[in-house]
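Number of protein chains: 2
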Amino acid sequence: MVVRVAQYTLDVADLDLMAGFWAAALGYEVDAGGDGSAKLYPPLRTAGAPTVWLQGSGTPKRGKNRLHLDVVADGDPRDEVARLIALGARPTDVGQSGDEGFVVLTDPEGNEFCVLDRAPTRP
Amino acid sequence: MVVRVAQYTLDVADLDLMAGFWAAALGYEVDAGGDGSAKLYPPLRTAGAPTVWLQGSGTPKRGKNRLHLDVVADGDPRDEVARLIALGARPTDVGQSGDEGFVVLTDPEGNEFCVLDRAPTRP
Numbered sequence: 014m015v016v017r018v019a020q021y022t023l024d025v026a027d028l029d030l031m032a033g034f035w036a037a038a039l040g041y042e043v044d045a046g047g048d049g050s051a052k053l054y055p056p057l058r059t060a061g062a063p064t065v066w067l068q069g070s071g072t073p074k075r076g077k078n079r080l081h082l083d084v085v086a087d088g089d090p091r092d093e094v095a096r097l098i099a100l101g102a103r104p105t106d107v108g109q110s111g112d113e114g115f116v117v118l119t120d121p122e123g124n125e126f127c128v129l130d131r132a133p134t135r136p
Numbered sequence: 014m015v016v017r018v019a020q021y022t023l024d025v026a027d028l029d030l031m032a033g034f035w036a037a038a039l040g041y042e043v044d045a046g047g048d049g050s051a052k053l054y055p056p057l058r059t060a061g062a063p064t065v066w067l068q069g070s071g072t073p074k075r076g077k078n079r080l081h082l083d084v085v086a087d088g089d090p091r092d093e094v095a096r097l098i099a100l101g102a103r104p105t106d107v108g109q110s111g112d113e114g115f116v117v118l119t120d121p122e123g124n125e126f127c128v129l130d131r132a133p134t135r136p
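Read top to bottom, the protein sequences are chains Z and U.
To convert, count from 1 in the first sequence and add 13; that's our numbering.
To convert, count from 1 in the second sequence and add 13; that's our numbering.
The set of hints was computed from the structure by calculation and includes no laboratory data.
Fair warning: this is a prediction, and the values are worked out from it, not measured in the lab.
A hint or two may mislead.
It does not matter which identical chain is used: a pair holds within one copy or between any two.
[Said to hold, decoys possible] The calculated lysine to any residue pairs, modelled on SDA-like cross-linking and capped at a C-alpha distance of 25 Å, are: (1) Lys77 with Val94; (2) Lys52 with Ala99; (3) Lys77 with Trp66; (4) Lys77 with Pro121; (5) Lys52 with Arg131; (6) Lys77 with Leu118; (7) Lys77 with Ala60; (8) Lys77 with Thr59; (9) Lys74 with Thr59; (10) Lys74 with Glu122; (11) Lys52 with Gln109; (12) Lys74 with Asp87; (13) Lys52 with Asp130; (14) Lys77 with Ala99; (15) Lys52 with Asp112; (16) Lys74 with Ala45; (17) Lys74 with Arg131.
The following block holds chain Z by itself, in its conformation from the complex:
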């Protein structure tokens, strides 16, 4: 018996801002719940990929998130970083050297995530 990850849940302050950003970043579709939350669904061609639940929260972000997502681009990662920045992401410094093979960004509410040069592979 095992579990698999079916969803990422993120506490957000500005639901529309964050739904817009993450839907565009991942190519997901937004289903606003009308209850201060929104579900983001993967396109049908990637059915089975985890959904994203954006959950309204009045608690401000404090410090670096203990859990973050690492993403890979379907094209050139440098182009993808530029696209994400145009969508509202910002480069951030969490102590990385810059030679690690990833770029550290924050989403519009400061949540850290990394754009990897390539998907992790088994050693």
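Fit chain U to the supplied structure of chain Z, relying on the hints for placement.
Frame of chain Z; chain U shown alone:
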């Protein structure tokens, strides 16, 4: 151009404890980096599923995590919750009513995650 989630990175204090828990929870295999971090790989039958990177951190957890994972069981979710608790998870109260269709647990270092009754589906 879009990104897809390729990895979850979690800051951990006790690497062995957390690698053991999450590998058993997800059915992943541990590759200890020997550098205070560990990679967890999905089994070959689920190649393409995100890896987990456990990253040693001296910073203690503060408050509820802003991002958390929601998981689904491949069997009865009640049996799965019992299995996860036997592995070191603990039930926790983040304000849920108990009628939401998920059980809120924490991993051995207090990171919240939910066991959903079923995978999210499109409305």
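Exercise for the section: At 25 Å max between alpha carbons, let me know whether lysine 77 reaches alanine 99 within a copy, between copies, both or neither. Expected result: This pair counts as within: shortest intra-copy Cα distance 23 Å, inter-copy 30 Å.
Practice task
Give the relationship of lysine 77 and tryptophan 66 under a CA distance limit of 25 Å: within one copy only, between copies only, both, or neither.
Solution key: both (20 Å within a copy, 16 Å between copies)
Exercise for the section: Can you give me the call for lysine 52 and aspartate 112, within, between, both or neither, at a CA distance of at most 25 Å? Expected result: between (35 Å within a copy, 19 Å between copies)
Problem - Intra- versus inter-copy proximity for valine 94 and lysine 77 (alpha-carbon distance at most 25 Å) - result: Within. Shortest intra-copy distance 20 Å satisfies the 25 Å Cα cut-off; inter-copy 29 Å does not.
Practice task
Can you give me the call for lysine 52 and glutamine 109, within, between, both or neither, at a CA distance of at most 25 Å?
Solution key: between (32 Å within a copy, 18 Å between copies)
Exercise for the section: Can you give me the call for lysine 74 and alanine 45, within, between, both or neither, at a CA distance of at most 25 Å? Expected result: within (22 Å within a copy, 31 Å between copies)
Problem - Alpha-carbon proximity between lysine 52 and aspartate 130, which holds within one copy, between copies, both or neither at 25 Å - result: between (28 Å within a copy, 17 Å between copies)
Practice task
Give the relationship of lysine 52 and arginine 131 under a CA distance limit of 25 Å: within one copy only, between copies only, both, or neither.
Solution key: between (27 Å within a copy, 15 Å between copies)
Problem - Homomeric proximity label, lysine 77 with leucine 118: Cα distance no greater than 25 Å - result: Both, since 12 Å and 21 Å are each at most 25 Å.
Handout entry: Same-copy or cross-copy closeness of lysine 77 to proline 121 [CA-CA at most 25 Å]
Key = both (14 Å within a copy, 20 Å between copies)
Problem - Status of threonine 59 relative to lysine 77 across identical chains (alpha carbons, at most 25 Å) - result: neither (30 Å within a copy, 30 Å between copies)
Practice task
With 25 Å as the alpha-carbon cut-off, assign the pair lysine 52 and alanine 99 to within, between, both or neither.
Solution key: within (23 Å within a copy, 31 Å between copies)
Hints 7, 8, 9, 12 and 17, counting from the list given before, are not met by this structure.
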